[in-house]
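**Q** Sequence:
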Amino acid sequence: MARGGGRRRTAVATAALGSLLAVAVLSACGGSSGDGADSRASGPPGGAGRSSAAADPTRIPGVGDRLQKRIPGDSRQVVAVYGDGSDSADSTVVLYTKQGSAWHRARSWAAHNGTKGWTTDHHENDKRSPVGVFTLSDAGGVLPDPDPSAGLPYTRSASFAAPRWWAKPYWHDFDYVIAIDYNRVKGTPPNDPTRPEGTAKGGSIWLHMDHGSGTSACVSLPKPAMEYLLRTLDPDLHPVVVMGDRAHLKA
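Heads up, the sequence shown is in this note's numbering, so the first residue is 2 and it goes up one at a time.
It is worth saying that the hints were derived from the structure and are not from the lab. Where hints are given, some of them may not hold.
To be verified - Keeping only pairs whose Cα atoms sit at most 27 Å apart, straight-line, the calculated DSS-like set for lysine-lysine is:
1) 117 x 224
2) 187 x 128
3) 187 x 224
4) 117 x 128
5) 117 x 202
6) 70 x 251
7) 99 x 202
8) 128 x 251
9) 70 x 99
Start from the sequences and build out the full structure, keeping to the hints where you can.
**A** Right, here's the structure in full:
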């Protein structure tokens, strides 16, 4: 799959790569878990409201020293994923932007994470999302880039499409995706199958569109949320995702 030069990159699927990239998707994110729709939390996560931000605006709310220190000093955009619990598939995603030395809450959305919750030692097919701080470098999907003039480098390809033998609610999971830089090579399409730390550590962990229940390891959001993030996340602002259940985030 070719990616064009410049800040914005767009590609169309090729049959030769389709099957290889589909294997990468099947082995990690998405897939019909057989679970029903989970209940959704509509409000902000506990301890992450405006009052805590006002108490110390230089910190991401609800994030303790261990992970706070891993946020790069030049990062001015943080996507915080607040998991409801260590074994829960429900979470809330909040976008924070930095102005001067202060972080400001921009938007928030109900979301899902791994079907079995969270882990600090993610492995292939454990159905848990990895806890940590990860950069966000590349995006893509089946649909066209919602804003080719802005945002992360974007690869459009039909090879992102979920297999039609998955349950119908999952067919549009990968219409939009943003790669989480866990066990992947930055600067490549999100569905590049390369695993620098080996296949046992899993990979293809993305922000992608929600199907109403837990994922294999990814974080899923409503379509408007994905469109907003694709338009807003700016590589010049060094965006990162800080993700985990609330207890691990606060540690």
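**Q** So which of the earlier hints does this model not fit?
**A** Hint 7 is the one this structure does not satisfy, whereas the remaining hints hold.
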